[in-house]
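A.B. asks: Sequence lines, in order, name chains B and L. The numbers in my numbering rise by one with no breaks, and the one at position 98 of the first sequence is 101. The numbers in my numbering rise by one with no breaks, and the one at position 25 of the second sequence is 33.
Derived by calculation from the structure, the hints in this document are not laboratory data. Among the hints, erroneous ones may be present.
[Unchecked claim] Partial selection, computed: residues in chain L whose CB lies under 8 angstroms from chain B:
{"id": "1", "residue": "Pro52"}
{"id": "2", "residue": "Phe54"}
{"id": "3", "residue": "Gly91"}
{"id": "4", "residue": "Phe97"}
{"id": "5", "residue": "Leu109"}
Don't be surprised by glycine CBs; every beta carbon is placed ideally from N, CA and C.
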Amino acid sequence: DAGVTQSPTHLIKTRGQHVTLRCSPISGHKSVSWYQQVLGQGPQFIFQYYEKEERGRGNFPDRFSARQFPNYSSELNVNALLLGDSALYLCASSLHRNNEQFFGPGTRLTVL
Amino acid sequence: GESVGLHLPTLSVQEGDNSIINCAYSNSASDYFIWYKQESGKGPQFIIDIRSNMDKRQGQRVTVLLNKTVKHLSLQIAATQPGDSAVYFCAENKDTGRRALTFGSGTRLQVQP
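Let the sequences and hints guide you as you build the complete structure.
C.D. replies: Listed below in structure tokens is the structure:
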């Protein structure tokens, strides 16, 4: 079975631009969570979606938004990019919102 | 603030030895803890988890110990192998019906042949 997939693998943007990152969960999983991992640190929770509704949000500004589609895939959007948004963005899926999370390989975002 | 942290940023061990990676947490309300392994260029990989109603849990070559009195978590890896070289994170969660994990900063495990 395929694991969690994320696209693109790498992305380079400039300050002020916006970006959309995509995630496909493991087949049958209904929950998707997004994490930001700055180099040298552990991942930080951004959002959790379950059954297409936001179920949790971390301490991130409103420039960050997400949504989950009927097929349970998800998008993370970041507007007005800042240099500090450069990070590895991880998507994790779980069967339901309270189960073990399986992480994808991440999208490496570089903001210049 | 409440956080999950690790005592040592880098741990170097000889192949075949046992490894112990430690983690301190400060949120007494957390009741679910997980250890993840992250290899370069990959996402975190689940190793083992433990709930706060347990003190010890064993998996294949790994054991997690939870000491709620001193808010301490440890991961023991038996007969460490070169493939165990990675960054290890502990993470915690308050079991409120969702998984919003709080991760520590990680410990890099280096296995010397």
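A.B. asks: Hint by hint, say whether it matches the structure.
C.D. replies: Cross-check of the supplied hints:
The interface hint given for Pro52 of chain L holds, since its Cβ lies 5 angstroms from the closest Cβ of chain B, which is under the 8 angstroms cut-off. Taking 8 angstroms as the C-beta cut-off, the interface hint given for Phe54 of chain L holds, the closest approach to chain B being about 6 angstroms. Checking Gly91 of chain L against chain B: minimum C-beta separation of about 18 angstroms lies over 8 angstroms; hint violated. Interface restraint check for Phe97 of chain L: the shortest CB-CB distance to chain B comes to about 5 angstroms, inside 8 angstroms, so the restraint holds.
With its C-beta approaching chain B no nearer than about 6 angstroms, Leu109 of chain L sits inside the 8 angstroms limit, and its interface hint holds.
Consistency with the previously given hints fails for number 3 only.
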